[in-house]
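The listed protein sequences correspond, in order, to chains L and V.
For the first sequence, the working numbering begins at 177 and goes up steadily by one.
For the second sequence, the working numbering begins at 177 and goes up steadily by one.
The reader is advised that the hints may include incorrect statements.
[As the list claims (entries may be wrong)] Using 25 Å as the maximum straight-line C-alpha spacing, the simulated DMTMM-like pairs for lysine to aspartate or glutamate come out as follows: (1) V:K309 with V:D391; (2) V:K570 with L:D478; (3) L:K552 with V:D478; (4) L:K552 with L:D534; (5) V:K572 with L:D478; (6) V:K552 with L:D478; (7) L:K309 with L:E383; (8) L:K572 with V:D478; (9) L:K570 with V:D478; (10) L:K572 with L:E383.
These aren't lab readings, by the way, just hints derived from the structure by calculation.
2 protein chains.
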Amino acid sequence: VDKGKDVPLAMPITVAITVGDELLLGDTVDSNAARIGRAFAELGAPVVRLETVGDEAAAIRAAVARALGDGDLIVVTGGLGPTPDDLTREAVADLLGRPLRSDPDLVAVLRTRFRAGSGALPERNLRQAMVPKGARVLPNARGTAPGLAIEREGRWVVLLQGVPSELEGMLAGPVRDLVREIFGARLRPPVHFFVRTTGIAESRLAERVESLLPDERGPVSLAYLPSVRGVDLRFTVAGEVGTDEARSWLERMDRALDDISPYRYPDEDLAATVADSLERSGRSLAVAESCTGGLLAKRLTDRAGASQWFCGGVVAYSDYSKTESLGVAPGLLSRAGAVSEEVARSMAIGVARVLQADAGVAITGIAGPGGGTSDKPVGTVCYAVVVGDRTTAKTKVFVGDREAVRERSAQAALHLLYRTLPE
Amino acid sequence: VDKGKDVPLAMPITVAITVGDELLLGDTVDSNAARIGRAFAELGAPVVRLETVGDEAAAIRAAVARALGDGDLIVVTGGLGPTPDDLTREAVADLLGRPLRSDPDLVAVLRTRFRAGSGALPERNLRQAMVPKGARVLPNARGTAPGLAIEREGRWVVLLQGVPSELEGMLAGPVRDLVREIFGARLRPPVHFFVRTTGIAESRLAERVESLLPDERGPVSLAYLPSVRGVDLRFTVAGEVGTDEARSWLERMDRALDDISPYRYPDEDLAATVADSLERSGRSLAVAESCTGGLLAKRLTDRAGASQWFCGGVVAYSDYSKTESLGVAPGLLSRAGAVSEEVARSMAIGVARVLQADAGVAITGIAGPGGGTSDKPVGTVCYAVVVGDRTTAKTKVFVGDREAVRERSAQAALHLLYRTLPE
């Protein structure tokens, strides 16, 4: 060891273990593994390995034993419930040689909870008050079983709930605090910066981005995160770099991307961006949908408080409903076709008029798999926006299956609306 | 060994390994693990352990080496792509001591694919034609990289794609065939029987079911699978039991559950059941939604060909749109309140009339988090169905967050529609 130098402390290594037959059988997608992955990456102690085992004591013991071989922190989720197939507490106590004892405080908490709810405390729930000798109890505000943390020779085994909402509460509170207390200066939380884009294909976006970014990117790494709604860019500076330096690098990246601003939007969800814009300007909105069949209205009304600016919508699935509910002229429908920019404009104008909204947006297209022609193949979608007396319309041919075409159409219409709404 | 007895061959043991930094960081939920879990459970060679490792050759080698210790079949997914962080092929070839060779047939296939698409074959894609010595090539109809299967001392390592659609194609075809060929009589596919229910809480359903089922259930096991749309019962008979015996046990369970038929529906998705019923009877449908904001219309139009029976819908988010688009009397709104069975009935009648549909369904309620009162708390939802001149309406108070209330409301309205529609 070179005594003249500061030896940097190594970043702690996390190994995750998820427990449950339903995960191995594929009945449930293991979203808890992703929750743990995200939480520990953000804390600066990333997960380097994950194991999933069934509801079997021997399998749980073997997985924890393996994890003690390479992890500083072993996070186990699932198997803390009150039923006979919940075996994690007992298996880990057994492996670590820590006898379980009933914790009178936890019994009292359980009794209070059950009195407030359904009445008497079932015998089997008393298992949830058992604590391995020397373990720390991590309070669970959202459920009956607490989390448990057990130290052995500087390594920690943390047992957490499998119910997603309870796990989330634990990760955001008691677990975060514990990890910071234990590992302190060894944690290396990364700094991220997101650029959300839509309306440009990943390969074309990558070309543009690579040509715009400076060659010298220092500690910055870049990931492209494509989805059916667009492509997010995630810039990351690893935790080894100081926060101020990281921020200044990320701001440099942000400024370099000015030229792609027509494709950018500020929030995680473009519907939120549109909603904020409408709320700020005091404008109201109505939507008319054909191929998206209610998806656009659903996305807008996913937000609580949408009734402040959302007047309503019309799902005009037939020609009759387009003429009857939206006032599209029958002649226009037969001349231009139901999937045309003219009809999209007329639908947007019609729905704004009928529902007395300041702005209207409309989508008409062919989601497939049937209904395509050589002129208008499956995926052809026309959409339009009206604000005041100004209309804008576009046509795109989207790739993908029915669901993908519908999602892309709704996102494209929101994008046009966002770009059209005056600030 | 007792020579006088048939010694049953043991069921093969599958260990799964998924590869990708994005899985450990929690950027992506590992749906491939569930795909593999389902496929191998159904084949009769269930996954007993899953490991997830990052894009690092040493980690992949270590995981496969561990899996060779307990698995007959090791399934690795991810890391077969053309980019530098795709390392699975090389890591496994290295571990097993099987040098990689370029397969001329695969190179030819790659060249053909690229000529048909974007043109020249990029140098880096040539890696996807590399095959470990002695490996079987599993054709991939949906992408450029084939699957690979390598035998060592009676154990098989199978390398598969990480792109979900490609993986699904492989599991349903070449992998299934390979596993049947290798393990034949050792496979024990289970037999399932599903009972789908909605409109009854899990605990109450469990009480009813337990009291109805015979005490003697032989080889049948039962799992309750709750979701926001209802509770599915999955009855399973393990593969050790003969198919005829399994079927007869499952039919006995089915008959015993006659008494809960008001809550049962036949398809995986209740929207499909409703759609089939409408298609069969030649009836058309229109929907009017307030709190669900388009969700019900979206669910119905998720189905291709919905335009045959779906006339359209109205998202009536404001009192104005309820009166203007649906003809709800302003006096009724002020007297009964927007969230009332009377208004729901009037909305259903109105939308069927406006869109000239044979049947109408309507939902009005308080999805929250705001808007509740002591009379009508958050979660209060009224829904109604009209078929011909007969209307039916119900009120429920649903628990859960905004999204859960909206999902439960749409499902409840579909259930009422299903129960109301004459055969």
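Structure-based check of all given hints:
no.: 1; hint: V:K309 with V:D391; verdict: violated (56 Å)
no.: 2; hint: V:K570 with L:D478; verdict: holds (24 Å)
no.: 3; hint: L:K552 with V:D478; verdict: holds (21 Å)
no.: 4; hint: L:K552 with L:D534; verdict: violated (31 Å)
no.: 5; hint: V:K572 with L:D478; verdict: holds (20 Å)
no.: 6; hint: V:K552 with L:D478; verdict: holds (21 Å)
no.: 7; hint: L:K309 with L:E383; verdict: violated (58 Å)
no.: 8; hint: L:K572 with V:D478; verdict: holds (20 Å)
no.: 9; hint: L:K570 with V:D478; verdict: holds (24 Å)
no.: 10; hint: L:K572 with L:E383; verdict: holds (21 Å)
Comparing the model with each numbered hint stated earlier shows that hints 1, 4 and 7 do not hold.
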